[in-house]
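Let's have the full structure, built from the sequences with the hints guiding it.
Letter by letter, the chains look like this.
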Amino acid sequence: MGDFFSYFSDHVSQAVSGLGVTVEATLLGALLALVLSFVFGLMANSKPLLVRGISRVIVEFFRGTSLYVQLFWLFYAFPLVSGYELSALFCGVLAFGMNYGAYGSEVVRGAINAVPKAQWEAAIALNMSPWQRMRRVIMPQALVQMIPPFTNLLIQLLKATPLLWLIGAADLTTAIQQMRDRTGSSTAAYLTLLVVYFVLAYAMTLVLNAVERAGKRRLGQYTGARGLLRTRTAEGAAAAGPKAPVGGGAV
Amino acid sequence: MTFEWKWDRVSDAFPMLMDGFVTTLLATVLGILVAAVLGLIVAMANRTPTRFVTVPLRILVEFIRSTPLLVQLVFAYAIFNTVDPLTIGIVVLGIHYASYLSEVYRAGIDAVPRGQWEASRALSLSPGRTWRAVILPQAVRNVLPALGNYAIAMFKETPFLAVITVAEMVSKAREYGSDHFAYTETFTLAGLIFLVASYPTSLLMRRLEKRLGH
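Protein chains in written order, with our numbering: chain A, 32 to 282; chain B, 265 to 478.
Incorrect hints may have been included.
Partial chain A-side listing against chain B, Cβ under 10 angstroms, derived [claimed, not checked]:
#1 Tyr99
#2 Phe103
#3 Ala108
#4 Pro110
#5 Val112
#6 Ser113
#7 Gly114
#8 Leu194
#9 Gln208
#10 Thr218
#11 Leu222
#12 Leu224
#13 Leu225
#14 Leu231
#15 Thr236
Below, computed lysine to any residue pairings styled on SDA-like, alpha-carbon distance capped at 20 angstroms [what the hints assert, rightly or not]:
#16 A:Lys78 <-> A:Ile155
#17 B:Lys270 <-> A:Ser113
#18 A:Lys247 <-> A:Leu259
#19 B:Lys474 <-> A:Asn144
#20 B:Lys270 <-> A:Gly114
#21 B:Lys270 <-> A:Ile178
#22 B:Lys474 <-> A:Ala145
#23 A:Lys148 <-> A:Arg167
#24 B:Lys270 <-> A:Pro110
#25 B:Lys270 <-> A:Leu105
#26 B:Lys270 <-> A:Tyr107
#27 B:Lys270 <-> A:Leu111
#28 B:Lys270 <-> A:Phe109
Honestly, the hints are just simulated from the structure, not real lab data.
The beta carbon of each residue, even a glycine, is placed where N, CA and C say it ideally should be.
What follows is the structure, given as structure tokens:
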């Protein structure tokens, strides 16, 4: 055990650069996922059957085929088909973004549908244009509802990043894995890795709790400061509400 | 560079993938069984009034929920290096998903009306019988759709088991792909098998959810 920690402290810069790659992949993947969530979520809520159908097919495809397979397909199979070789990090961001974007689109769809019907009717009664309605009435309320499930998805995405190790990106898991190979102390190495991931996940949760609180404030719903420190509320049984199960298949 | 899709590679790899698919299914079914039982135990333990039990349990559950399955797998594999990898995989999958399911059970148990507890006490049923005969049958009914969803999620995460040398479907696909330089065909096939297996199941779960009236 001691071997690992002394090696670790001598080579902290490696771990830090690995951490940078992991965080980069998480944030860029999350950004892409966020954009795709809104694109597909809004498409799924639109009227034309064709638009809804396209969104449905894409979402079901990316949810149904396993992230692992998608990532490996991009990394191993795509260069054979297209002749373009993608960097491991790029593959990761693309696969994470598309996969979690598909899950996220259900969150967006659900949150928009969860805005009370009277709000839509009131906006129509006030003669707002569809765009005004969305921007000034529906979205501000839907956005706040989206934050807790998005937090769950973000943590799921973070937890998927060790996959980058398998396709040879220099992420945190790769860095720690190399240190493990040098020192031979698996237990210490993997425990360190688990703790770092836990800290990262909790830090991201705290940030999003603050964002949720700020969002609720703007809607005039004040929440106490205690809620800021809470961990993610797990999506409960179906009885608990319309939230999509994270990583789950249906809903 | 020109790429040519070879159908004979697909038909050639298919039996091998199906061979791995059996392992994939086995891991999913046994994994979700472990998770369902363990999750229930954790959820029930969390209802004991002693903080001495609940606080460490909460921290442990949160820790397991927040750390990557892949790292948990290699960690367990490094510690229990004499145990069969498939067993390790099933247990780790089970523990990982139990941490989610415990919350699902908690919500499911909370959704059982208070009157049911009070009635059980009025009938002077023992705690054991209250759980067995009154609460659990109703809670499990609430929980079933979510359980199915997590089973599908777990199914799609089984490729992680390849990392600890379990010969499930995707590891077979990689093996065949590198032997015959046919990654495109085998990975596409593997993805389609996942889609074909999980999509009807998820539709079925959605119908079940509707039928149970949620």
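Quick rundown of the hints versus the structure:
1. Tyr99: The hint holds - Tyr99 (chain A) has a Cβ within 10 angstroms of chain B, the shortest such distance being about 4 angstroms.
2. Phe103: 6 angstroms, holds
3. Ala108: 4 angstroms, holds
4. Pro110: 9 angstroms, holds
5. Val112: 5 angstroms, holds
6. Ser113: 8 angstroms, holds
7. Gly114: 4 angstroms, holds
8. Leu194: This interface hint holds because 7 angstroms falls under the 10 angstroms limit.
9. Gln208: This interface hint holds because 8 angstroms falls under the 10 angstroms limit.
10. Thr218: 6 angstroms, holds
11. Leu222: 7 angstroms, holds
12. Leu224: Nearest chain B Cβ about 5 angstroms off; hint holds.
13. Leu225: 5 angstroms, holds
14. Leu231: Holds, about 8 angstroms.
15. Thr236: Result: holds, 8 angstroms to nearest chain B Cβ.
16. A:Lys78 <-> A:Ile155: 17 angstroms, holds
17. B:Lys270 <-> A:Ser113: With Cα atoms ~16 angstroms apart, Lys270 (chain B) and Ser113 (chain A) stay inside 20 angstroms; holds.
18. A:Lys247 <-> A:Leu259: Roughly 12 angstroms between the alpha carbons, so the hint for Lys247 (chain A) and Leu259 (chain A) holds.
19. B:Lys474 <-> A:Asn144: 17 angstroms, holds
20. B:Lys270 <-> A:Gly114: 17 angstroms, holds
21. B:Lys270 <-> A:Ile178: Between Lys270 (chain B) and Ile178 (chain A) the Cα gap is close to 45 angstroms, so the pair fails against 20 angstroms, i.e. violated.
22. B:Lys474 <-> A:Ala145: 17 angstroms, holds
23. A:Lys148 <-> A:Arg167: Status holds; Cα separation ~15 angstroms.
24. B:Lys270 <-> A:Pro110: 16 angstroms, holds
25. B:Lys270 <-> A:Leu105: 18 angstroms, holds
26. B:Lys270 <-> A:Tyr107: The given pair, whose Cα atoms are some 16 angstroms apart, holds under the 20 angstroms limit.
27. B:Lys270 <-> A:Leu111: Judged against 20 angstroms, a Cα distance of about 13 angstroms means the pair holds.
28. B:Lys270 <-> A:Phe109: Between Lys270 (chain B) and Phe109 (chain A) the Cα gap is close to 15 angstroms, so the pair holds against 20 angstroms.
Hint check: a violation occurs at hint 21 only; the rest are consistent with the structure.
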